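First to last, the protein sequences are chains S and B.
With this note's numbering applied, the first sequence corresponds to residues 1 to 235, in that order.
With this note's numbering applied, the second sequence corresponds to residues 1 to 787, in that order.
Relax, there's no trap hidden among the hints.
Derived DEER-like restraints, expressed as beta-carbon distance ranges:
1. S:21 with B:291: 35 to 45 Å
2. S:113 with B:737: 50 to 60 Å
3. B:303 with S:21: 33 to 43 Å
Per the computed footprint, the stretches of chain S lying under chain B, defined by three or more beta-carbons under 8 Å from a beta-carbon of chain B, are:
4. 69 to 83
5. 104 to 117
Calculated from the structure, these hints are not laboratory results.
The model shown is predicted, which means the values in this text are computed figures rather than measured ones.
We put the beta carbon where it would ideally sit given N, CA and C, even for glycine.
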Amino acid sequence: MPDTVFHVRKVSKVYHMGEVEVHALRGVDLELFPGEFVVLLGPSGSGKSTLLNILGGLDVPTSGEVFYLDHNLTAAAPAELTRYRREHVGFVFQFYNLIPSLTALENTALVTEIAENPLDPRECLRLVGLEERLNHFPAQMSGGEQQRVAIARAIAKRPEVLLCDEPTGALDYPTGKLVLEVLERVNRELGTITVVITHNVVIADMADRVIRISSGEIIDIHKNEKKVAPSELTW
Amino acid sequence: MTALNKKLLRDLWRMRGQLITVALVVACGIATYVTMRGSYESIANAQRDYYAKYRFADVFASLKRAPDSLETSIAAIPGVSKIQTRIVVEVTLDVPGLPEPALGRLVSIPERGAPALNDLCLRRGRSIEPGRRDEVLVSEAFANANRLDVGATIGAVINGRWEPLRIVGIALSPEYVYEIRGAEVFPDNKRFGVFWMSREALGPAFNMEGGFNDVSISLSPGGSEAGVISRLDNLLEPYGGLGAYGRYDQVSNRFLSDEIVQDRITGIFIPAIFLAVAAFLIHVVLSRLVHTQRSAIGLLKAFGFSNTSIGLHFLGFSIFAVLLGTLLGVPLGIWLGRGLSRLYQDFFRFPELRFAPTVNMIVSAVAISGGAACFGALNALRSVAALPPAEAMRPEAPARFRPGFAERLGLQRFVSLSARMILRNLERRPWKATLSVVGLAFAGAILIVGFYFYDAIEYLVRVEFQRAAREDVGITFNEPHGSSARYSVERLPGVLRAEPFRAVPARLRFEHRSRRVGILGLSDDRDLRRIVDQNLRVIDLPPEGIVLSESLARILGVSPGDTITIEVLEGQRPVRRVMVAGTVQDLIGTSAYMDISALNRLMREGETISGAFLSVDSLVAPGLYSFLKKTPAVSGVNVREAMLQSFRNTIAESLNLSTGALIAFACVIAFGIVYNGALIALSERAHELASLRVLGFTRTEIGWMLLGEQAILAGVSIPMGFLLGYSICGLLVYAMQSELYRMPLVISGRTYAFAFITITLASAISGLLIARKIRNLDLVAVLKARE
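Hey, can you work out the whole structure from these sequences and the hints?
Pasting the structure below:
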């Protein structure tokens with residue numbers, strides 16, 4: 001395997017909810033490598049979102065260390081985390097979170113305004129198969145289309161890592177598959193490390209590696225010998 | 001407490017920032033209403049009570065001298081109820097502590113008993129005692145301004161000799177609620193005062209034994225004022241009558257009544273602005289509240305709560321805002337009203353001017369603002385009622401947007417993406433944007449109007465005191481003198497230059513319209529006293545004909561080229577026809593000017609002067625003043641600098657209170673609109689902004705995306721506010737123009753700059769408060785939740 005991109009060492013996260021302590025992560029060790037497609041599997045409350053948030057620079061661990069290349073995310077100030085997200089991370093949300101007042105093209109272009117070496121927004125939308133819908137506003141598009149715009153927006157700044165939190169969670173079966181195809185294509189053509197959170201076990205078949213989390217601990221890391229194309233997935 | 005009420009209280013607590021800003025705007029509305037309406041009512045009541053209790057006369061006339069026997073004929077005029085004949089003379093005074101001479105108006109009162117009309121209200125001391133000829137009562141305004149109290153003595157030139165006047169009492173009269181001399185507009189209580197003296201003392205001193213030179217009349221119920229005036233004029237004409245007039249033309253009453261009318265107008269107009277803004281704010285806040293609580297509303301409806309109970313629940317916000325506004329606004333209004341009443345006391349002297357807001361008025365203030373609040377809530381409540389429970393519990397569809405106006409014109413290349421977001425957000429709710437701009441524009445306009453008064457006063461001073469009246473001192477002789485008097489005056493110590501003038505009382509008549517004025521004759525080599533119009537242009541005086549104030553020309557219905565009839569009310573009382581040579585757009589009074597030689601010819605007299613305007617060496621001025629005080633031939637001395645000073649003092653004091661209040665109120669409006677606008681935008685777009693933060697946008701970048709909208713609204717509102725402020729000033733100028741004065745419509749760059757800075761600051765501060773909330777956006781929640 002080539003060099004490690006993410007280095008997660010003994011990471012724990014404790015939330016204080018009033019008087020109750022919630023251990024979201026308990027000593028997680030993990031490495032992510034260039035260009036791989038990783039699926040994080042786990043039930044609700046297993047800590048997979050917390051792990052994703054820490055990888056994405058939205059949250060910091062209570063203990064342990066997280067490195068992105070040579071950036072130590074553990075000790076970073078909020079402004080540094082913002083810069084890290086700005087330069088290296090693409091996010092795809094469950095509910096798309098597009099800017100309703102901007103068209104598909106503009107939503108994508110918005111991110112390229114703050115990136116140093118962005119892709120052409122039209123190119124991104126072509127990559128997700130929306131070259132016909134450039135000037136549509138979110139309210140004029142279906143959920144699957146909106147999610148594909150969100151993916152185009154996430155990759156437009158040429159991030160090293162694409163973090164997707166339940167990207168198909170709000171979509172029906174055929175649309176969900178379409179979105180997964182787009183993610184697979186982005187991963188393949190751009191070589192972006194892609195981490196997908198899901199509780200849909202079927203999706204795991206399209207990953208290079210599948211990481212199972214339960215009660216804040218990694219219980220299994222499984223490497224798929226043969227990846228299944230998203231079009232062949234059924235659930 | 002019901003669960004719904006508990007929810008209301010918690011919602012109110014959560015929305016306390018918005019609640020407070022709305023309540024403050026309501027408080028401003030209620031406070032201005034209580035202050036202005038209360039002042040109007042208290043001053044109007046005070047006027048009515050004062051006039052009734054102290055028997056203020058209905059018709060007034062001055063004359064040269066008539067025998068007491070004429071009283072019977074006057075009493076016989078149909079419509080006359082009571083008569084009070086008097087002796088009224090003006091004398092030069094030597095006031096202790098005042099370097100320059102002052103002018104005193106001595107008014108006779110019966111030695112025993114009260115006057116039949118224009119009775120006095122004794123404030124301190126006692127009334128005059130029969131037989132004590134040197135005792136006087138003095139007007140309170142003059143006594144206060146000169147710190148004179150009972151027991152003080154001042155000197156007066158009576159019959160060419162200095163006589164001491166002993167002050168035994170301090171009094172007020174309904175004739176002098178606003179105490180000014182002659183044709184002035186602002187009081188100078190230090191240098192002009194009214195004295196009441198026994199008729200038995202005044203008569204012999206001024207050659208008036210067995211006669212009178214002033215008469216006041218009250219009308220019997222149904223008596224015709226015009227009829228009485230006309231018959232009285234006929235009766236008095238052989239005795240040098242100067243023309244009778246009614247209350248409308250009585251100077252003090254005129255000023256007072258003008259003020260009351262203005263109070264009534266502003267008392268409606270200004271609170272209306274605040275209540276309209278409050279209704280607007282309640283509208284936006286409640287609409288948003290209903291919006292964010294869609295699912296709660298659906299749930300309540302599903303549980304079986306009626307539209308009415310849910311509607312009342314949301315109306316609770318308006319009711320609370322009005323309640324809070326009332327609790328703040330009523331005391332504030334009473335406090336401001338009391339302050340205003342105290343200031344009024346410096347201008348208008350009443351036996352009692354108490355700011356007493358009636359329960360009625362407060363109830364109506366609360367009712368009106370409650371009505372405005374309910375009106376503001378109406379739309380939100382309608383949408384509550386229209387929401388079917390099932391739909392209410394489903395999340396709302398994404399907001400619909402469309403390309404903005406500039407983009408439809410193909411200009412999108414020039415508009416950045418964040419600017420497009422801002423513009424489309426504005427365009428999506430054009431009414432909200434428009435109303436925000438209008439509200440802010442009103443805040444700006446209120447500031448402009450507040451500061452405009454300073455500009456107008458400064459301009460008035462420039463025109464009247466710096467361009468027109470440039471003399472240091474004006475002196476008036478006790479009777480007209482030959483022109484050689486000019487040279488005697490020029491030789492007085494410290495006099496650098498003297499310009500003679502001739503002043504003649506006359507009635508100008510054109511067709512059926514007429515007006516009593518003083519015609520001022522000026523010499524053609526004049527340099528100190530000039531005629532200046534409101535655009536600071538110096539007006540030439542032709543060798544023939546008369547030049548009139550535009551306002552006087554309007555009253556008479558004449559324009560240049562017309563010939564008017566002049567009935568002189570002095571000397572031989574000639575009646576002549578003279579052409580109107582021109583008009584002048586001046587700011588104060590109703591003036592008539594002629595070349596002094598032309599006026600002398602009209603009077604069929606030789607070169608005669610009534611007084612002179614002097615330029616004086618300031619180093620030796622005190623010597624000149626004390627000399628003038630002791631010169632019986634000089635009956636009046638005006639010191640320009642002193643007049644200007646007293647003018648500034650009185651005006652500045654009253655302006656500071658009202659302008660201070662207006663600035664504070666305008667800030668409340670601006671703050672309320674920007675704060676609520678931005679807060680609502682933040683709650684509407686929290687999700688969108690948080691996801692941008694996740695994507696790597698900094699706080700500053702999304703701060704601009706959010707506040708840019710408010711910045712644009714404020715930016716657009718400022719020029720609109722300027723325009724609106726200018727228009728309101730124009731309306732005020734129009735509404736407040738009177739024969740007494742016209743306000744110049746001049747607004748300085750300083751005023752605009754100040755309004756700009758104030759609106760910008762109020763907007764910026766509320767923007768900063770919102771920017772702090774951006775820090776607290778929950779980024780993690782965005783990944784999971786849907787709005």
